[in-house]
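Colleague: The listed protein sequences derive, respectively, from chains A and B. Just so you know, we're using this note's numbering here: the first sequence kicks off at 1 and counts up by one. Just so you know, we're using this note's numbering here: the second sequence kicks off at 1001 and counts up by one.
Quick caveat, the hints were computed from the structure, so don't treat them as lab data. Honestly, I wouldn't trust all of these hints.
Ranges between beta-carbon positions, derived for each pair [unchecked claim]:
1. A:Arg121 / B:Arg1084: 38 to 48 Å
2. B:Val1249 / A:Leu305: 37 to 47 Å
3. A:Thr224 / B:Val1183: 36 to 46 Å
4. B:Leu1267 / A:Gly297: 37 to 47 Å
5. A:Thr115 / B:Lys1147: 56 to 66 Å
6. B:Gly1124 / A:Thr115: 35 to 45 Å
7. B:Val1183 / A:Gly259: 58 to 68 Å
8. B:Asp1079 / A:Leu298: 45 to 55 Å
9. A:Arg73 / B:Gly1124: 29 to 39 Å
10. A:Val120 / B:Arg1084: 53 to 63 Å
11. B:Ser1236 / A:Pro228: 49 to 59 Å
12. B:Asp1079 / A:Pro228: 54 to 64 Å
13. A:Thr224 / B:Thr1069: 54 to 64 Å
According to the in silico footprint, chain B covers these stretches of chain A (three or more CB under 8 Å from chain B) [what the hints assert, rightly or not]:
14. 108-116
15. 129-138
16. 141-154
17. 268-280
18. 286-299
The beta-carbon is built from N, C-alpha and C at its ideal position, and this holds for glycine as well.
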Amino acid sequence: MTTAIAGPAGTTRERAHANRTAPRLKQSRAPYLFIAPFYVLYVLFMLVPVLVSLWLSLTEWVGLGTPHWVGLRNYRLLATDVSFHRALGNTGVFVMIAVFVVVPLALLIAQALNTRGLRVRDLWRTAYFVPIVVSPIIVALIFGLIFDRQFGLLNSVLRALFGTGGVDWLGDPGLAKVSIGLVMLWRWTGYLTVFFLAGLQAVPKELYEAAALDGAGRIRTFTTVTLPALKPVTAFVVVTSFIGAAQIFEEPYLLTGGGPSESTLSVTMFIYRAAFQRQQFGYAAAAAVVLFVLVFGLSQLFNRLLGIGRATS
Amino acid sequence: MSATTSATSIRASVRSSAGARTRRGLLYLTLVLLLLAFLAPLVWALSGSFKPRGDIFAYPPKLVPDPFTLHNYRALIEDQPFARWFVMSTVVAVVATVVSVFVCALAGYGFAKFRFAGKRLLFGVMFSSLSIPFAVILVPLFVILVKTGLGSPWFALIVPWVAPAFGIFMMQQYIVQSVPDSVLEAARIDGASEFGIFRRIVLPLLRPSLGALAVWTFLQSYNSFLWPLVLVSDSSQYTLPLGLQTLFVSEQRQYDLVMAGAVLAVLPAVALFVLLRKQLLEGLSTGAVKG
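Looking at chain A on its own, in the form it has when it is part of the complex (with noise of 0.2 Å):
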């Protein structure tokens, strides 16, 4: 199996061979049969849950009995919640740690996987992945447990090396968050790396020929040959991992019950905690539109930059 860059040759590629089964199919409902399924899905569990999630938003409701419209009272309370703005401040953390930290590792194991020669390279690659196979509430469950202030593994490490150890991982407000990146670090770089190699790979080796002959150096070669080709993985990757981070859920639930203080406190959790701890489902519908408005606009607005999602005409 290949991988193909997206431009203008693989749009027009794929126009041409539309072109060749059209006529024949002009009057068909073959194309809108193979495509309902989906779309039935689609509207009954995507479209209206969203639509209701808007309405929802417009009223206060305990979960029982009728919602009681309110306006947009939602979300002037949610503009002077403090919770609500630690939660989005948090989340902002979350995204930079993945868009800032996991993905430039990403790429730099990347590249080193890419090496010339390097012996094995399957195998390494399955290695790295191999933590995002991993149930994100598994991978909770063992982090806790390394990072457990008395008897974790990571101060057991620490306090085998430099004789300092107690540091509580999970109970300081920085520290927790730099907890939970870390975990990120661990869960999504080997996955990411994948994307990374498929697209290094895919770079034409006369592209590093010509680039030798003139003379570039590593650096060089890297900004004038590698990064530009790469652009279109580099997309990808930034705006998965910008999805990914802005619902973060399972670490913070289960690491620190968003504390303390709610210094971990992400979006997801402020809109679980509202709905099944609080009953203040109106409340939580809110809080969600807000999130569907920034993530959804913002990877709108990154496909537009970035070209994704142009595959296709």
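Based on these hints, arrange chain B on the given structure of chain A.
Modeller: Just chain B, lined up with the frame of chain A:
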């Protein structure tokens, strides 16, 4: 100009062959250290699952359990409804996977090989649903399913996985690349029905990428936590992640059982991944690299 520089670079590369060897050594060292970092937590859990409770946090930590015990596994399976959690998770994931793969292959084929009015818009709608966070539909989906009486876990746990845009995109990319129009055209001339062509010609050609998508969907469903957490209140219908969580948040954190449970829960996922890893890793990047 370019002749002189290339001569210089050749001379430089000859001179640095010792340096290249050191660099290569450093590269392998880094890769091994990274490998250790990626696998250490899992190895630690594996080793801990065979230790008596008191030894899990013994200092300094021991890699090889001594004494070695199967007690944690026995306690997990005999005293906890582990088997039930496992069946619940697996059945839900298998059904979700079968439905989802079929829906994705159909739609992916529709988008890859036909031209029709509204295609661009419909594709855009599908693609943009990738950027709707699950938390946005969490509350309404819960309300809808419970109010309509469809909240039975057997049905509701499957729902979020049946129509993933990611899967359609992956299928569409693969079909464009690997299903030749000439074959479809020939079948049409022979009078095959459109669905017949899909079932007898397209589906078999898709086998490698169907495998990749199946593993991916299975893992998504099998590993999901937030949706079951919200939906399932009856502990007899807990999925694996929910069940394991109860061991962790119970008053006495049952670390020993958690470790054994983590190992048993991860095994099927890792086994599936190792079996089909080539297809999965390549299938994933096919959809993505194209962007």
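Colleague: If a hint holds in the structure, say so; if it does not, say that too.
Modeller: To see whether the hints hold, each was checked on the structure:
For the pair arginine 121 (chain A) and arginine 1084 (chain B), the beta carbons lie near 41 Å from each other, so the given range of 38 to 48 Å is met. Against the hinted window of 37 to 47 Å, the Cβ-Cβ separation of valine 1249 (chain B) and leucine 305 (chain A) comes to about 43 Å, which satisfies the hint. At roughly 42 Å, the beta-carbon separation of threonine 224 (chain A) and valine 1183 (chain B) lies within the given 36 to 46 Å, and the hint holds. Restraint check, leucine 1267 (chain B) to glycine 297 (chain A): a C-beta distance of roughly 41 Å satisfies the suggested window 37 to 47 Å.
Separated by about 57 Å at the C-beta atoms, threonine 115 (chain A) and lysine 1147 (chain B) satisfy the suggested range of 56 to 66 Å. Remark: the range hint 35 to 45 Å for glycine 1124 (chain B) to threonine 115 (chain A) is upheld by a beta-carbon distance near 39 Å. For valine 1183 (chain B) paired with glycine 259 (chain A), a C-beta distance near 59 Å keeps the hint of 58 to 68 Å intact. At about 48 Å, the beta-carbon gap between aspartate 1079 (chain B) and leucine 298 (chain A) stays in the expected band of 45 to 55 Å.
At about 34 Å, the beta-carbon gap between arginine 73 (chain A) and glycine 1124 (chain B) stays in the expected band of 29 to 39 Å. In this structure the hint that valine 120 (chain A) and arginine 1084 (chain B) lie 53 to 63 Å apart at CB is violated, the actual value being about 40 Å. Roughly 56 Å separates the CB atoms of serine 1236 (chain B) and proline 228 (chain A), a value that falls within the hinted 49 to 59 Å. At about 59 Å, the beta-carbon gap between aspartate 1079 (chain B) and proline 228 (chain A) stays in the expected band of 54 to 64 Å.
Evaluation of the 54 to 64 Å hint for threonine 224 (chain A) and threonine 1069 (chain B) yields a pass: the beta carbon distance comes to about 59 Å. For the region 108-116 of chain A, the proposed coverage by chain B is satisfied: 4 residues have a C-beta within less than 8 Å of a C-beta in that chain, meeting the threshold of three. Taking a C-beta to C-beta cut-off of 8 Å, the region 129-138 of chain A contributes 9 residues in contact with chain B, enough for the three needed, and the coverage statement holds. A stretch counts as covered by a chain when three or more of its residues have a beta carbon under 8 Å from one of that chain; for the region 141-154 of chain A and chain B the count is 11, and the coverage holds.
A count of 5 residues in the region 268-280 of chain A with a Cβ less than 8 Å from any Cβ of chain B is obtained; the coverage claim is therefore met, three being the minimum. Counting residues of the region 286-299 of chain A whose beta carbon lies closer than 8 Å to any beta carbon of chain B gives 7, which meets the minimum of three for the stated coverage.
Violation of the numbered hints given earlier is confined to hint 10; every other hint is satisfied by the structure.
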